[in-house]
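J.: The residues making up each chain are set out below.
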Amino acid sequence: MNRFVKTSFLTSLWVYGLGLVSCNELMLGEEPSQSPVSTFEYLWSSFDEHYGLFEVKQLDWNAIHAEFSPQVTDQMSEDELFEVSSQMLSRLNDGHVWLVKPNPGFRRFDSGPTYPVGTFDLDLIRENLSEETLFGPSDNPLVLYGRFKNTNIGYLYLDHLGEAPGFYEKHVKTALSELADTDELIFDARGIEGGDDRSAQVVASYFATAKKLYMKTRFKQSAQSGDFSDWILWEVAPKSGGYPKPVVLLTDRGTGSAGETFTLAMRQNQKVEIVGDFTYGAFSDNPKWELPNGWIVAMSTGDFRDQNGISYEGIGLEPDQVVKNTPEEVSEGMDRALTRALSILLEN
Amino acid sequence: MSKLFKILLAAGGLLGGSILGNSQSKIQTPGAELTISYLRGTQKLHDLQASPMIYFTDYNGVHLDYKRMKGRNRWEFGAEAKTGHMIAPALGEREFQFEEGGEGFLLIPTQYFGEVSAGYQRRLHQTEKLESFLGINLRNQIHYADGLAMNTWAMNQLGLSIRYTHLMKLGQRHQLLGDLQLPIFSLIARMPYSNVVSEPEKSQVKSFLGESEMTAVHQLQQPELRVAYRYRLAHRSSLELGYAYDWMSYSQPQSIKKSNHELALSWVYHFQFSPTN
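As they're listed, the protein sequences go chains W and L. Position 314, counted from 1, in the first sequence is what the working numbering calls 314; the numbers after and before it change by one each time, with no gaps. Position 39, counted from 1, in the second sequence is what the working numbering calls 39; the numbers after and before it change by one each time, with no gaps.
Don't read these hints as lab results, they were simulated from the structure. Note that the structure is predicted; figures quoted are calculated from it, not measured. A portion of the hints provided could be inaccurate.
Beyond 10 angstroms from chain W on every Cβ pair, some chain L residues (computed) [claimed, not checked]:
hint : residue
1    : Gly61
2    : Asp146
3    : Leu158
4    : Leu233
5    : Phe273
Straight line, CA to CA, 25 angstroms or less: simulated PhoX-like cross-link-like pairs of lysine-lysine [claimed, not checked]:
hint : chain 1 : residue 1 : chain 2 : residue 2
6    : W       : Lys173    : L       : Lys202
7    : W       : Lys170    : L       : Lys70
8    : W       : Lys271    : W       : Lys211
9    : W       : Lys239    : L       : Lys206
Short, incomplete list of chain W residues facing chain L, as computed with Cβ under 7 angstroms [stated by the list, open to error]:
hint : residue
10   : Gly29
11   : Val100
12   : Arg218
13   : Lys220
14   : Asp285
15   : Pro287
16   : Lys288
17   : Ile296
Note that the Cβ used here is the ideal one computed from N, Cα and C, for glycine as well.
For reference, chain W alone in the conformation it holds in the complex (with noise of 0.2 angstroms):
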């Protein structure tokens, strides 16, 4: 009798386990409802405890809240409760910020603002070099580097700052050696539409004089608002085998993230002038979330200041001089900053 109790006992200890870690609730938590009202709040409160530019945009997040939650009812349709939740996100203006919700029926929405397109064509620029010379596809080079016609004036591109630090280590600083005998150079940041901030430090670093300070980063450390890490501070310091003569930066609204980082820290440089027009304006690191209904967002979830602590979120880095191209010029071949490029080098 005993034993019976005893196996009877064993056996219900272990069938009652084997259900209680079968039970994914017990053991693993609640998965929110993916209703459009749970959805839109888990965005909101998402946002409410990981993004990290409210002070900075001057946003009140709980008035937004009390403007679109009202919007929106678990009776609306996936695309009703898509365009609710984009312009909720609109009012972040911020170029780091997109939702996209998957197929069927693929849709992207992007806070940041958007700028006329075909300002910048790297062929026109490769006409004007007698010799180039070229990392990655011919058609889309991840680098590419040159003389222009019947001057001694450098070009140096890079289409990204994605790759890992190493491979600018490697590539610009054979670039930079190739055109040593140069006497000034011209650097096309035009196409650097975002990539590493370690990669755009050491790129920075082949042009610097002096080391310096140019960037503070933090990040949200906790739902609390306005707690952060402590600042994570960027200096620029001289490299061997880097570039000692005269740059001109070209920018423009392509220039984004970590093409910024790299322009906060090539302003450090004197011998650098910058010119073009504006910078983009989205610095911070965009990591993504899920939504229980399964549509991804990305935001920013830092706050990227210069040496000064001025935040250019939004706003973007004006250039020394501000030449804007414009899709029509760039069409029928006209690269005005460019040109604006070379006559101030050669009037050096």
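Using the hints provided, position chain L relative to the given structure of chain W.
T.: Frame of chain W, contents of chain L only:
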């Protein structure tokens, strides 16, 4: 005659020696064993740092283990590697595009995970049929997935556990094993609250590991239970079928809960035999 007698004597000697050798080997116990296992399991992950939804990973893997037994002491060293695709059943397979009109791609992240461990146990109790051991296990577990909610997801956990093992011998060939371990102290690295790892002049791995937090059993719970049946195939080898379940709960920087159900089919090689104590 004399020659035949010598041959018979030699053959008898060889046979006798062989029988004696066999009978001796039967009362010898292995001092070490090497185990290679095929692993098949399901991981369920609910990490609010990555997604509000629960992700399932059906995975395959291999485990290598070396165990040294001497007197009352056991030392064990192991390594394993596993991989599988991550799917949130509530969301299903999702196809995204980078932009309107762009090419579609399925968002199915692949998770790579594994561990290395080193442990020591001392025998608590021994009878003809039962043995139990208690000791510690130092284990580093690493998890990495690229593309979970279009982000990198990673976790590293170096844990010091208490480990209890119970063995039950059922005749000459059969053995049951129960094993329980519980981390007491852990050094854990998770993606930070911002989900961004970026510091000047530091690799991302270094920055990630640099944020490791020391924690103890009051904050991180991860009990692991394993049961196995072993069948002695031959003098030097056994076959083992095991089932393991572990559950993890940790709250920083946001709640993560994780469970694993795992089956292991193992081949065990026994060596370094010595007379039973």
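J.: For each hint, tell me whether it holds in the structure or not.
T.: Against the structure, the hints:
1. Gly61: 20 angstroms, holds
2. Asp146: 12 angstroms, holds
3. Leu158: L/Leu158 clear of chain W: closest Cβ-Cβ about 23 angstroms, beyond 10 angstroms.
4. Leu233: 28 angstroms, holds
5. Phe273: Label holds. Min Cβ-Cβ 36 angstroms, cutoff 10 angstroms.
6. W/Lys173 x L/Lys202: Holds, because 20 angstroms separates the two Cα atoms, which is no more than 25 angstroms.
7. W/Lys170 x L/Lys70: 54 angstroms, violated
8. W/Lys271 x W/Lys211: 14 angstroms, holds
9. W/Lys239 x L/Lys206: Measuring from Cα to Cα gives roughly 22 angstroms; hence the hint holds.
10. Gly29: 5 angstroms, holds
11. Val100: OK, holds: W/Val100 within 7 angstroms of chain L, min 6 angstroms.
12. Arg218: 9 angstroms, violated
13. Lys220: 5 angstroms, holds
14. Asp285: Because about 4 angstroms separates W/Asp285 from the closest Cβ in chain L, which is inside the 7 angstroms limit, the hint holds.
15. Pro287: 4 angstroms, holds
16. Lys288: 4 angstroms, holds
17. Ile296: OK, holds: W/Ile296 within 7 angstroms of chain L, min 6 angstroms.
Hints 7 and 12, counting from the list given before, are not met by this structure.
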